[in-house]
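**Q** Listed below, chain by chain, are the residues.
2 protein chains.
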Amino acid sequence: MFAVTILGNNSATPAYGRFPTAQVVTIHEHQILIDCGEAAQMQLAKYKIRRRKINHILISHLHGDHYYGLIGLLTSMGLLGRDTDLHLYAPAELEKIIEAQFAVSNITMTYKIHFHALEKEGLIVDENKFSISCFKVKHSIACWGFLIEEKKPPRKLDKEKALAYNIPAAYYNALKEGNDYTTKEGDVIKNELVTLPNTPVKKYAYCADTIFFEEIIPTIKNVHLLYHEATYLKDLKEKATQYFHSTTEQAATIAKLSNAKKLLIGHFSSRYEKLDEFLTEAKAVFNNTDLAIEGVTYIV
Amino acid sequence: MFAVTILGNNSATPAYGRFPTAQVVTIHEHQILIDCGEAAQMQLAKYKIRRRKINHILISHLHGDHYYGLIGLLTSMGLLGRDTDLHLYAPAELEKIIEAQFAVSNITMTYKIHFHALEKEGLIVDENKFSISCFKVKHSIACWGFLIEEKKPPRKLDKEKALAYNIPAAYYNALKEGNDYTTKEGDVIKNELVTLPNTPVKKYAYCADTIFFEEIIPTIKNVHLLYHEATYLKDLKEKATQYFHSTTEQAATIAKLSNAKKLLIGHFSSRYEKLDEFLTEAKAVFNNTDLAIEGVTYIV
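So the protein lines, in turn, are chains A and B. Numbering of the first sequence is given in my numbering, commencing with residue 154 and proceeding in unit increments. Numbering of the second sequence is given in my numbering, commencing with residue 154 and proceeding in unit increments.
Honestly, I wouldn't trust all of these hints.
Just so you know, same-sequence chains aren't split out, so a pair can sit in one copy or run between any two.
[Claimed, not checked] Derived DSS-like pairs: lysine-lysine, alpha-carbon spacing no greater than 27 Å straight-line:
hint : residue 1 : residue 2
1    : 314       : 337
2    : 249       : 265
3    : 329       : 314
4    : 392       : 265
5    : 199       : 427
In case anyone wonders, no lab produced these hints; they're calculated from the structure.
Isolated chain A (complex conformation) (with noise of 0.2 Å):
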């Protein structure tokens, strides 16, 4: 399982019981946040996603309606009693405010944060199963993308193969990785004879809040689904670039540029109420998009 669940999809302020930006991507058994406007907490409870699931939490830049929920969220954890250590990433600047909610509410942590302040691109989660890398999109603050990575050995075991062929159960792993099996006799079993190709790793990449920035696209080349903001419809063009966010048909044409094998856009704008616009317009560029709606799982 490789997806995403949309927590919040609005721009700024809520509007019209629309929620501002947080997701949770789901990878194997882990879980990452990614964002966390107001009210995470309050989603997260009502989707029923189990919060102990997550480890790592990624924030993208310090506009409230991207981290304001953050801190609920983290006293939550300690008063339900979490004790596993959390990774969290952001800009510098949030671990200072943190340390001063925490400190003036006089509670102590029942478990470790591991503040990680996003400085420069590149990898900054390289777990078993997946990783993750950020890269710098560009917004009217220091804002920062993601590129989540699953992680496939090389190659899939043929399990009867591998039977037939009397190779120990404590090699399988060593076959995922490729290697051939030399029996006690000395006689090579090639590697090919008992495995098969595995499935291609997948990608998704996270892309707010940004002005149309061509400059990500060889970080997100080839990705299996690509969320990227789109604040305004097309008319909006002038007021997307004035305030540093996209409108449908940049997003789109993001995704057609570099090759994205499906589109999800959100960070819609209070002065729209119906969202039915966002799609038309959209698919008119990159056909395989969908909005993202609180509460869907969009599989990667």
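With chain A held as given, fit chain B onto it using these hints.
**A** For chain B alone, kept in the frame of chain A given last:
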């Protein structure tokens, strides 16, 4: 109209769809927000309370469930174009936290926030139609209660009589203040002839979060409506004491001893899904009790 609308009635962390503490006091054409737990701005929208009328915000103490929603509300007020001044009364440390959050977002506020640090007991707001004073309650960190008092002129005008005596309308306010009227001819029309005694001013006291603390009784004596926290049922009296909170029975005892007309209890612990028992236990000590239910307005 002098009434309290509950936006959040839960303690510490949201649970069972209940939100952390926040409530709006409506007094004539003014609205006062007391405490501002996370997502208070969403609750204001849900219950269709116009935030433009809120010119005073009171924060009792700096535990997150009483103020994590403040920064989001202040930000949204700016984004929605507020231009009237806002007065914020809170423990001193909050000012720096808010300033730090505005600083990193690089957003210029469209309105002025006057920060008033709560430092000593007494009058903090003195408006034409109401006043607010603060008093100390006893919690694990510094915590303030608030007393909101309506102001009414001493006398009510008996308009028919005033017309019969040919008293000019420009003099009506002086009549309400209890003054006699002297005609051009020098005749004195005694105030009692053209006015009636006014109804007594009403008072609302807000007490959260606090251990059972009898020292507040002289301050809140005879209030028409007393909000007092009741985090736990009575069997958890020891836990209440340990965490500087109150039980149902303790809240009701304060209401009884202070001769309140009515008691409103809230700040329910997340350990309770159902609230019926809170009401039963409190009523056994002080019959005129209501549960603070989100979205409901209670007349003072």
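**Q** Indicate, hint by hint, whether the structure satisfies it.
**A** A quick look at each hint next to the structure:
Taking CA atoms no more than 27 Å apart as the test, residue 314 paired with residue 337 passes inside one copy only; the shortest distance there is 18 Å, against 118 Å between copies. Both within a single protomer and between protomers do residue 249 and residue 265 lie at most 27 Å apart by alpha-carbon distance, with minima of 16 Å and 25 Å respectively. For the identical chains of this complex, residue 329 and residue 314 are intra-copy neighbours only, at 13 Å inside a copy versus 100 Å across copies, given an alpha-carbon limit of 27 Å. For the homomeric pair residue 392 and residue 265, the shortest alpha-carbon distance between copies (26 Å) is at most 27 Å, but the shortest distance inside one copy (42 Å) is not.
Taking CA atoms no more than 27 Å apart as the test, residue 199 paired with residue 427 passes in both settings, with 23 Å inside one copy and 18 Å between copies.
Consistency with the previously given hints is maintained throughout, with no hint failing.
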